[in-house]
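As given, the protein sequences belong to chains A and B, one line each in that order.
Under the numbering used here, the first residue of the first sequence is numbered 1, with each subsequent residue one higher.
Under the numbering used here, the first residue of the second sequence is numbered 295, with each subsequent residue one higher.
Keep in mind the hints are simulated off the structure, nothing from the lab.
Among these hints, one or two may not hold up.
Using C-beta positions, here's what the derived DEER-type ranges look like [what the hints assert, rightly or not]:
1. V559/B to Y172/A: 46 to 52 Å
2. R521/B to Q182/A: 58 to 64 Å
3. I257/A to R568/B: 27 to 33 Å
4. G329/B to Q5/A: 48 to 54 Å
5. Y172/A to G381/B: 28 to 34 Å
6. I586/B to E233/A: 52 to 58 Å
7. S171/A to R436/B: 55 to 61 Å
8. A7/A to R442/B: 47 to 53 Å
9. Q706/B to I257/A: 49 to 55 Å
Idealized CB from N, CA, C, for every residue including glycine.
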Amino acid sequence: MIIHQNALPKQLERVVLLGGRGFIGAAIRRQIEAQGASVIAPASAELNLAASAAADKLARLLQPSDAVVMLAALTPDRGRDIATLMKNLAMMQSVCAALEKSACAHFVYFSSDAVYNTALSRVTEDTPASPPDLYGTMHYTREIMARSLVKVPLLVLRPTIVYGLDDTHNSYGPNRFRRAAQKDGKITLFGGGEETRDHIHVDDVAALTVRCLLHRCIGTLNVATGVSKSFHEVAEVVARQFKNNVEVIKTPRANPITHRHYDVTGLIKAFPDFRFVALEDGVARVHRDAAGRA
Amino acid sequence: MTHLGLVSSVSASERGFRVVCFDADPMRIAPLAQGTLPVSEPQLDELVAKNKARLEFTSDPAALQACDLVYVSPDVPTDDHGSSDLGAINAVLERVFKAARKDAVIVVLSQVPPGFTRGKQRDDRILYYQVETLIFGRAVERALHPERYIVGCADPAQPLPAPYAVFLAAHGCPILPMRYESAELAKISINMCLVASVSVANTLAELCEHIGADWSEIVPALKLDKRIGQYSYLAPGLGIAGGNLERDLATVCDYADRYGTDAGVVRAWVANSRYRRDWALRTLYREILSRIEDPVIAVLGLAYKQDTHSIKNSPSIALLEHLQPFRVRVFDPVVPASAAPHLRCHGAESELEACEGADALVVMTPWSRFAKLDPVDIAKKLRGKLVLDPYAVLKAEACRVAGLDYHTLGMQS
Numbered sequence: 001m002i003i004h005q006n007a008l009p010k011q012l013e014r015v016v017l018l019g020g021r022g023f024i025g026a027a028i029r030r031q032i033e034a035q036g037a038s039v040i041a042p043a044s045a046e047l048n049l050a051a052s053a054a055a056d057k058l059a060r061l062l063q064p065s066d067a068v069v070m071l072a073a074l075t076p077d078r079g080r081d082i083a084t085l086m087k088n089l090a091m092m093q094s095v096c097a098a099l100e101k102s103a104c105a106h107f108v109y110f111s112s113d114a115v116y117n118t119a120l121s122r123v124t125e126d127t128p129a130s131p132p133d134l135y136g137t138m139h140y141t142r143e144i145m146a147r148s149l150v151k152v153p154l155l156v157l158r159p160t161i162v163y164g165l166d167d168t169h170n171s172y173g174p175n176r177f178r179r180a181a182q183k184d185g186k187i188t189l190f191g192g193g194e195e196t197r198d199h200i201h202v203d204d205v206a207a208l209t210v211r212c213l214l215h216r217c218i219g220t221l222n223v224a225t226g227v228s229k230s231f232h233e234v235a236e237v238v239a240r241q242f243k244n245n246v247e248v249i250k251t252p253r254a255n256p257i258t259h260r261h262y263d264v265t266g267l268i269k270a271f272p273d274f275r276f277v278a279l280e281d282g283v284a285r286v287h288r289d290a291a292g293r294a
Numbered sequence: 295m296t297h298l299g300l301v302s303s304v305s306a307s308e309r310g311f312r313v314v315c316f317d318a319d320p321m322r323i324a325p326l327a328q329g330t331l332p333v334s335e336p337q338l339d340e341l342v343a344k345n346k347a348r349l350e351f352t353s354d355p356a357a358l359q360a361c362d363l364v365y366v367s368p369d370v371p372t373d374d375h376g377s378s379d380l381g382a383i384n385a386v387l388e389r390v391f392k393a394a395r396k397d398a399v400i401v402v403l404s405q406v407p408p409g410f411t412r413g414k415q416r417d418d419r420i421l422y423y424q425v426e427t428l429i430f431g432r433a434v435e436r437a438l439h440p441e442r443y444i445v446g447c448a449d450p451a452q453p454l455p456a457p458y459a460v461f462l463a464a465h466g467c468p469i470l471p472m473r474y475e476s477a478e479l480a481k482i483s484i485n486m487c488l489v490a491s492v493s494v495a496n497t498l499a500e501l502c503e504h505i506g507a508d509w510s511e512i513v514p515a516l517k518l519d520k521r522i523g524q525y526s527y528l529a530p531g532l533g534i535a536g537g538n539l540e541r542d543l544a545t546v547c548d549y550a551d552r553y554g555t556d557a558g559v560v561r562a563w564v565a566n567s568r569y570r571r572d573w574a575l576r577t578l579y580r581e582i583l584s585r586i587e588d589p590v591i592a593v594l595g596l597a598y599k600q601d602t603h604s605i606k607n608s609p610s611i612a613l614l615e616h617l618q619p620f621r622v623r624v625f626d627p628v629v630p631a632s633a634a635p636h637l638r639c640h641g642a643e644s645e646l647e648a649c650e651g652a653d654a655l656v657v658m659t660p661w662s663r664f665a666k667l668d669p670v671d672i673a674k675k676l677r678g679k680l681v682l683d684p685y686a687v688l689k690a691e692a693c694r695v696a697g698l699d700y701h702t703l704g705m706q707s
């Protein structure tokens, strides 16, 4: 559940995007700039949040009217070990220290649905966080660190599986399926792909983030569509984008089937006029854009 | 003179007893004395007119000196968490202790937490607690023909005082004396059983909506099972409303926390109730709000249930709070449109006027008059086809024949 501190959307002055050069960050940047607001998105080479001097450097950069969006994180493909966890926490420590010195108007922390236990099939913002691994623990710990900043209005966003053209990760789902179909002409599922998940297009993530910034929302929001589809359905949708026949291959199941559904009532209440990109349309858009780029 | 107090008084007069209807506020008494009632209940107006010779409305506490039996029935308000504010009943009880005769039997009828009545017991007073099970819209019927009386006593082994025993016996139903705490918890226990039944209905009705079963086909089978019973609460709804059930849920959780007992299932009922309350919003969002530009929504019913003016915890009001970006047209036979928490709300004069040009119709209160609406007329007035009818007020098949896209609880659309 989130609260709009601005009942009506209010023009943004400047947004500082930490991790703004990544897949989601870049999409957010495009949409903020389309609103006419300025964006600062320092590259990690300019501002290494894990470095000891990062807090002071960031504090000097910040202005009181800034909104800060923190997306920077070492994702699981960069490491799932304790060392990665500690680096991620060090990055957040820098951000919190900077915000202690130079409070901003709004702080948006991009967490993850990894804070929820994978055994939970239905999730709302009221579902207690119970991360099953170090990555989820990292995000939840960062959330708590952010909440310790008493002077800064905080919004925590917990996105589900995000897909889009520029995704550099290759996690199981639409992005990997498209690459596999393109490269090998086949999509290989875990088991029969029975597991259901909620997939959101990156443009929707960006649009919701911008809405939250304009309303200066506080609280916690799951960023999900409320519609879960099985990986098999997703694979079929991806396969249909290709002129050549793409084979969807089932394999012997190694792990139990788990499902994940989001009750997005909180999101609907916050933005009842928001329209999500349907999975079929989103996958088609990605495929079209990828073809255009090629 | 609360809803409970007024209904109890008028029903007692119908049973042939002379009744002093006392309220310290002359502004409440004046309209009552003239026959203008602040609440709407079937039979109530007629019975007031019929028994006016036996009803005395007064704000003079001295009038209580004439009474052998004094029922104390102020509302016990609750906050958003369902916690009771006992300030009003404490004040009224003190006033009655001062004004009533020493030999008068004083009966607490308000909903109070376990331990309350014993805490009020004093040597110079005869004090009882009596469970009330008022149902808005059926209050008079239930006061005239109670299923049983549950009476909380300081010592249940002692016979009830004569005036009290005579009054209860006049209703011809079982009388169950028990200790104060048991009676107070009995009231809560009744409500817990009702909530449990409704929660079962809601949980399985939602499943029906997804797997193609029809909950309305299952209910008769359940009611023929003697362990469940023909009067069981198995109609799915939009969560618990009205305030009293929420109060009891909160009370049980509070006591469980205090004593370390397990109330996990009660908290699950609360969560399920909150979830089901938003059924209409989620369905509207899925079918209309996320699909078309600038939709117009017609809402029939503002009251939290039929035959009442109360909007406390009304699902309709909750829905309207979240439809702010959209134009809405509302109609309720009793509650004025001004009660709707919405800036772009048109108050219609009739059901069909509310439907004019709307993309969707949502029937949020099961007023019986709504059942008389012809789906063909609705279809002619609507711009769209969507009808959300959680309580199945309209006939599903007739709506489909009229070309409407009909959605109700417990049935796949």
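Hints, one by one, checked against the model:
Restraint check, V559/B to Y172/A: a C-beta distance of roughly 36 Å breaks the suggested window 46 to 52 Å. Between R521/B and Q182/A the CB atoms are about 60 Å apart, so this pair conforms to the stated range of 58 to 64 Å. Here the CB-CB span from I257/A to R568/B is close to 28 Å, well matched to the stated 27 to 33 Å. Between G329/B and Q5/A, the C-beta spacing of about 51 Å keeps the proposed range 48 to 54 Å intact.
The hinted window of 28 to 34 Å between Y172/A and G381/B is violated, with their beta carbons roughly 59 Å apart. Evaluation of the 52 to 58 Å hint for I586/B and E233/A yields a failure: the beta carbon distance comes to about 26 Å. Checking the proposed 55 to 61 Å range against S171/A and R436/B shows it holds: the Cβ atoms sit about 60 Å from each other. Distance hint for A7/A and R442/B: a CB-CB separation of about 51 Å, consistent with the stated range 47 to 53 Å.
For the pair Q706/B and I257/A, the supplied restraint of 49 to 55 Å is violated, since their beta-carbon distance comes to about 24 Å.
In terms of the numbered hints stated before, the structure departs from hints 1, 5, 6 and 9, listed from lowest to highest.
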